[in-house]
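Residues per chain are reported as follows:
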Amino acid sequence: MTNLSADDCKTIGDDLRTKLKILSGTIWQARANSPQIDSWLANFTGEVVATDTERTYALYLLTRLMYYGQREIRALLRALYRDLFRYPILSEIRRANGDTKDSVLLNNLFEQELQATRFVGLGDVATSGPMLLYELRLATELRDDVFTTLDAILAGKASDVPPAVKRYVFIDDLCATGDQATGYSRDLVEPIRSRYGSSVELLYFVMFATAEALGNLMPPATNFDRVRAVHVLDESFKSFGPNSRYFPAADGKLDLATGKATATRYGAKLSGSPLGYGNCQLLLAFQYNTPDNTLPIIWSKVGSWTPIFERRS
Amino acid sequence: MSVAAKATVNPFGVTKCDDFSDEEIFRFWIEPAGISAVHLLQPTRLMPMQVIGGKGSGKTHLLRYFSRPVQLMRQGSTRSPLVDRQGFIGIYVKCDSLNASRFSGKGQQEELWSAVFQYFLDLWLAQILLSQLPNLSLSVQEEIARRASDLFDEPPTDVPQTLEHLVGLLRGFQRDIDIAINNLPLTRKLDVRIKAGPSRLIFGLPHILGEAVAELRNTVFLYLLDEIENFNEAQQKYVNTLIRHRKGSCSFRVGSRLYGIKTSNTLEEETNRRGSEFDVLELDSHWLRAKKKYVDFSERLCIRRLQAAGHFSGTITDDRQKLRNAFEEPSSAHFYQDYTARLVSKYEDWERPYFRKLRDQLLRFAVGSRRLGVLSNDDVQPIIRRLQRPPYPLLEKLNAFLLYKAWAKRANLQKASESISKQCLVFVQSGGRKPSTYFSAYQHFSGDMLAQLTRETSHKVRYLGIDTFIRMSSGLPRNLLIILKNAYDWAIFNDEEPFAGKPISIESQERAVVESCSWFFEEARPEQNAEQVQRSVDRLAILFREIRYSDKPSECSLSTFSCPSQDIDETSKLSLRLAEDWSMLIRHVRGQKDRNSQRVDQKYQLSPMLAPRWNLPISRRGALALTAEEVNLIFGRAAEADFVKMKEGRIQRMNAPFKGGEPAPRQASLEL
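Taken in sequence, the protein lines are chains A and B. The numbers in the numbering used here rise by one with no breaks, and the one at position 56 of the first sequence is 227. The numbers in the numbering used here rise by one with no breaks, and the one at position 611 of the second sequence is 620.
Worth double-checking, as some hints may not be accurate.
Said to hold, decoys possible - Only some residues are given here: those of chain B computed to face chain A with a beta carbon under 7 angstroms:
#, residue
1, PHE502
2, ASN503
3, ASP504
4, GLU524
Hints listed in this document are in silico derivations from the structure and should not be mistaken for laboratory results. In this text the structure is predicted, and so the values were computed from the model without any measurement. Ideal Cβ placement from N, Cα and C applies to all residues, glycine included.
Turn these sequences into a full structure, and let the hints guide you.
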């Protein structure tokens, strides 16, 4: 691990601050301005390398953070609906009808399929899954009656269960390890499967997923018939992994080892998983919350640590 | 979770008027002070005019302001009389929307392309002209349409009855050309039928309109061709031909960047001459000559934006003051006492860096010199002590500078330091007015000494305040808008309330200047020889910087050089021309008289927009006289080592112990 020279700290720091100004003024919608960034930087006090060096690494990691505001989330949900749901169904309908290009016929048949579909948020009422349904409805302008809740399904509400329904689409924002989705499958989706058997198709669509988690969720490991993600996070998104897309940086002046040591040292004070739940090492935040798979130095509020994008439990 | 800052709209967010609607062109128009826009562009004058300026000099805003839609807004109502008192109809076209690069190559002869382009341009301008006309009676429309049909050598089979039909006919002909060009890769043949001779429509339609519509009888039809740099040489020759053979009540205003005019020749290879066939309005030069008016214009430009955004709402006088107060600046009172005290505050327990450096130099180079009056180490301390004036670090810097000057002249440093000390005392006691020699030194070199002091104490050289930003923009209003846009963004990022609360902080301004400067440097990249030009400018700036931060700078506020016209090699000439065309260098038309030969040399200033990149001054005072050989080392293809050798040779004379002889004085000498 090496310290940066004072000149390098200044030059790289100035460049990073210019980037952060642009991020703050655009994508972040002024959620983290200079004073908030300075408060966050004050957490780094030179426990691993010199304070200025640590803060330069912290600034760099912050510029790499993928932040999704409301506008971007709606765009992702539109893509989820279009690419993971609508197009595959249209494709099936077309194949089943002699590769027809009759748009009226295709639309009518798709409408029937949509009518027999229910979109469901995964998790409790206060979690992100159900909240995403609202955003999905705004993003796609779908009718209210194609959305439902797990409670309604398990209560056997006629309009939300077979034979009126032949497909449930579970929506989620991130599947980083697959642990949570596996738990949902076991605790929440299994009762549906038990009750309605193979008369219903159970789909799990997520905005982001790691390649590893997607593999873990594929049937028969879970009750889902199909698992898809809009954006698959490959190994390169693991901040300090061997294939990290983030290091080396700044013409080789910022190296992976120093970055990792700094994030681990402070992360260990904040969480049992110093580099994020499941050691995912992600740099990802949503407007409504920050996943625990992201580096804890970004979101933790343990003790006197000031987060930059706080995670709400 | 951090608190979300309030969403704000940057009043300077739009820096290109291409992004403005016609209504915004009208709303954000600022009439130049002293001379009206009408007087500048003279829209009713038949003499054509080139409107030349650097990127962001305001050419498009000026030309669009005279376009018909904005003309109507100036009249106050779109139902106003046809032409009213303005006496002209502005037909604005942006040359890049023509996609003129289509009209060349693809295995076709250039003559063929030339003919097709001329026809296409005629059709295009004719459509725009006709679309500017208001409602006319059907009988008048029929007459115009019928007579316009006669302009074609191959009259249309379906003679148009209305202007709408006529425009549709022209659009159809234009579409035929588009289709022929689009299909050229397939057909290998440019299958276009030219139905009207060159310029027939451009001059013929205004003639018909003048005869058919009484209100248009004495109207000037002013074609406003913007961004002519998008036309190649052959295409510009056609425009030059139109200018040379202008007919009736038609005229042209042609907007171009500094490097945009590729030829002055016509298709017949006759040369159009300035003053004979056309006039020239040079926007940057106009502003550079009229500095006070440019300041006034720039302030009103800012105020208009701030008023539109709801930040300002007072009288122009109040708002000018508010604009001035909107930026934090260090006070210059008592020789920047507060500001410089902060700079040196960390040296409370140590010797200030400039005295430490001077002491080291005296001990190293001067001890043992009877002529300098420094016989032993013990002679150094009294010299330093006499120069000290702790409450005024800037004056201490000036004192050290004056001692270096004496040293360079091999004067007795004991006596010199005594003299400097006395003069400094009188200067402080007189509130900065006396004695004249010291006053003059302060007047000339305080800016450079402040910059040196800032740098020596490991601080950034600062460029702050609206006056500085206006000066930096050097006649290009877009540069000013870019700086202000960045300052506003940085202030928001730093949780400030620009133009509403406290002044924009020094830090926000500093960062805005750095960002704007980098933008300008990257943006000002010539399409050819970019690396050569940027390297040349870099070398020049490095030379300036080393002089400015030397012990005894030969010039004050150095950002300018002069050089002879002769013996400059071709590469250097090209670099100089490109650097000027891209506004990296500003050429001063009057030049500089050489002190020895009385020869008038060329004179160039490094763009103040670039000055912060090398911590150089934005004002222009001293000019460095370069020889042709030195110019070739900077702007030519010379190896880096040769340039460095030349530079060090020059700098050696300005740093203790001042070897290499004292150069001939190039400006008023400051005797002490």
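Results of checking the hints against the structure:
Hint status for PHE502 (chain B) relative to chain A: holds, with the closest Cβ pair at about 4 angstroms, below 7 angstroms. At about 4 angstroms, the closest approach between the beta carbon of ASN503 (chain B) and any beta carbon in chain A falls short of 7 angstroms, and the interface hint on this residue holds. Checking ASP504 (chain B) against chain A: minimum C-beta separation of about 5 angstroms stays under 7 angstroms; hint holds. With a least beta-carbon distance of about 6 angstroms to chain A, the hint placing GLU524 (chain B) at the interface is held under the 7 angstroms criterion.
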